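If you're matching them up, the sequences are chains S and P in order.
Position 404 of the first sequence, counting from 1, maps to 413 under this note's numbering, and the rest follow consecutively.
Position 101 of the second sequence, counting from 1, maps to 102 under this note's numbering, and the rest follow consecutively.
Don't read these hints as lab results, they were simulated from the structure.
Among the clues, some could well be false.
Cut-off 30 Å, straight-line C-alpha distance, at most; resulting in silico cross-link-like pairs (DSSO-like, lysine-lysine) [said to hold, decoys possible]:
| hint | chain 1 | residue 1 | chain 2 | residue 2 |
| --- | --- | --- | --- | --- |
| 1 | P | 174 | S | 214 |
| 2 | S | 207 | P | 166 |
| 3 | S | 57 | S | 134 |
| 4 | S | 207 | P | 174 |
| 5 | S | 13 | S | 134 |
| 6 | P | 131 | P | 8 |
| 7 | S | 214 | P | 166 |
Take a look, some chain S residues computed to stay more than 10 Å from chain P by CB distance [stated by the list, open to error]:
| hint | residue |
| --- | --- |
| 8 | 18 |
| 9 | 84 |
| 10 | 205 |
| 11 | 227 |
| 12 | 246 |
| 13 | 268 |
Since this is a predicted model, take the numbers as computed values, not measurements.
Glycine included, every Cβ here is placed at the ideal spot set by N, Cα and C.
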Amino acid sequence: MKDKLHQLKLKYEGKKMAPAFNALHTFLYTPNETTHSGAHVRGADDLKRTMNTVIMALVPCLIFGMFNAGYQQYIAINGAPETFSLFNDFLTWSNFLVGITTILPLVIVSYGIGLGIEFLFAVIKGHEVEEGYLVTGMLVPLIVPVDTPLWMLAIAVAFGVVIGKEVFGGTGMNILNPALTIRAFLFFAYPTWMSGDKVWVHGAKAGLTQAGSTDAISGETILGSLAQGTADLSYSLSDMFYGFIPGSVGETSKILILLGALFLIFSKIASWRIMVSGVLGALAMGLIFNGIVDAGWLPTYSKFYTLMSFPYWQHLLVGGLAFGIVFMATDPVTGSQTNRGKWIYGFLIGFMSVMIRVFNPGYPEGVFLAILLMNVFAPTIDHYVVRGNIKKRLKRLKTATIYPKTSDEVDSLKTETA
Amino acid sequence: MALLSKKDSKLVLDPLADNNPITIQVLGICSALAITAELKAAVVMALSVLFVLSMGNVAISLLRNIIPSKIRIIVQLVVVAALVIIVDQVLKAFAYELSKTLSVFVGLIITNCIIMGRFEAFALGNGPKKAFLDGIGNALGYGIILVIVGFFRELLGSGTLFGFKVLGDPVTKTGLYSIGYENNGFMIIPPAALIVLGIIIWVQRSRNRALIEEA
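Isolated chain S, as found in the complex:
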């Protein structure tokens, strides 16, 4: 296989389709050519390996999402089991079958369309295929509702890759996170498929009914019911933490996201500064809202009351906040680059996510909007951080006293630099 690819690569060298073969080759194997002159440090962790590490961190979320899709459908039809057992009720083949038949097509469409466009642009532009879509293609199926129609996903992916990335010059040049561009496109183009109580359970739109009755099944996310003012939750805190709740495919299980986060931090792929400050930002905004409610400034009939009185730390357990902060905000291309910038960038993402969550009348989730907004501001933040640093050092130079050097020292310096 490896030799065959080598031969194919040589055969097509200099031809129009060369980038496509090169991409396949380097995706599977280490390149077989090296630089011919000079000394170089060679590392195995090129962009493709980096991307693969992120994908590895995402796989648990994907598999959990498959089981959860089946489980949510099961409890919507048959009601929640009285005593929940992980192996008898959740990790069952029937749950997995429902999940894999609905979610695998999403993954295939996402990768098929996205990589197809990447290959096409590489051949047109005549340069190598860029790796950027590997992670995006995995993120996209994880941040949409299970029942998203495949043609909608295909259009959104095409839009996101072309308008979100290729027009700016491809991987590394994009201003907005492509996966979130795709999500935002779906949200604005087809709002009825992105929110409400019919999209989170597989088959609800198609009109599946509850067992032994003619009532159609439905399932609302926790944030959705909070936004409608329903304060009593049927989900326990451990349900939220482990992820047995309705929501987008990969966002529900906080424990697996946490594991993914630790994996990314220890492999030094993602920035812990952004994650920590994002969590702090969300907590800060949540505390402010809780404070307003506790101070009695908000009448109980206000439509924001239920969401604002939602305990501040529980915001981290519901919706896509955790997933967004760990996997989307830490995108090295669209996030802040400076360390101090990362603190500001992450904090504002968390802060605004919770704010949009509470005040957005149409849709009770704001993480993707908050991250997209901060993507736009990331270069500005970096600019001022760098400027501030220059100013600080200039000031230090002004106040510093520079002692005159003796002629011996000057001579020794000269020989050093010579």
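Use these hints to put chain P onto chain S, whose structure you have.
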């Protein structure tokens, strides 16, 4: 015998493509974003600008030798304002519903950069016949982009063209809607116009590479 000399036909044809006021000079973007959700509004807007720009160009061209250059902007504004008020009143009288859709944007033709730009750049220095042709050309160049953007936005956003349901009925699920197609709500909102416009500019410049500016 040709109706127009080669030079004159260039005045009309150039702004349609290679010197388009919207895609090349990037003028008059506001109205292009605001009123292109429906094709009908886009066409009416294009016709209004056609009237104002061609008539205004002729008027300014006739006055060009007696306008003191210090107050020429005020004179130009008076001419545009007069013409725009005529258009506005005609619309209100004969197409009231449409004038409500276009709302403030008919009035804002006064501030449309394309119009003042043509007055300044062309009508003040050329005779009435040439100015008239230049006005027609630039207004058509503006209109053609408006119609293209309006076509895609109405077709994809509402599934209609000029209000006719060309893709079937979304409520009774006929035509394309019977197999699960849905209208794209994104195309209705103004940011979509910016993206469609961007794609037109992209296509135009990759077809004619001479138009690409030096970075």
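Results for each hint:
A distance of roughly 15 Å separates the Cα atoms of residue 174 of chain P and residue 214 of chain S; the hinted pair therefore holds under the 30 Å criterion. A hinted pair counts as satisfied when its Cα atoms are at most 30 Å apart, and residue 207 of chain S with residue 166 of chain P qualifies at roughly 28 Å. As the CA atoms of residue 57 of chain S and residue 134 of chain S are separated by approximately 20 Å, the hinted pair is consistent with the 30 Å bound. A distance of roughly 19 Å separates the Cα atoms of residue 207 of chain S and residue 174 of chain P; the hinted pair therefore holds under the 30 Å criterion.
Note on residue 13 of chain S and residue 134 of chain S: the hinted pairing holds, with a Cα-Cα distance of about 26 Å set against a maximum of 30 Å. Our distance criterion of 30 Å between C-alpha atoms is met by residue 131 of chain P and residue 8 of chain P, whose separation comes to about 10 Å. Taking the CA atoms of residue 214 of chain S and residue 166 of chain P, the gap is about 25 Å. The hint holds against a cut of 30 Å. No Cβ of chain P approaches the Cβ of residue 18 of chain S within 10 Å, the least distance being about 29 Å, so the stated non-interface status holds.
The claim that residue 84 of chain S lies off the interface holds: its Cβ sits roughly 27 Å from the closest Cβ of chain P, which is beyond the 10 Å cut-off. The Cβ of residue 205 of chain S sits about 14 Å from the closest Cβ of chain P, beyond the 10 Å cut-off, so the non-interface label holds. No beta-carbon of chain P is positioned within 10 Å of the beta-carbon of residue 227 of chain S; the least distance is around 20 Å. Distance check on residue 246 of chain S: its Cβ is at least 36 Å (rounded) from any Cβ of chain P, clearing the 10 Å threshold; non-interface status holds.
Residue-level check passed: residue 268 of chain S sits 35 Å from the nearest beta carbon of chain P, beyond 10 Å.
Consistency note: the structure conflicts with none of the earlier hints.
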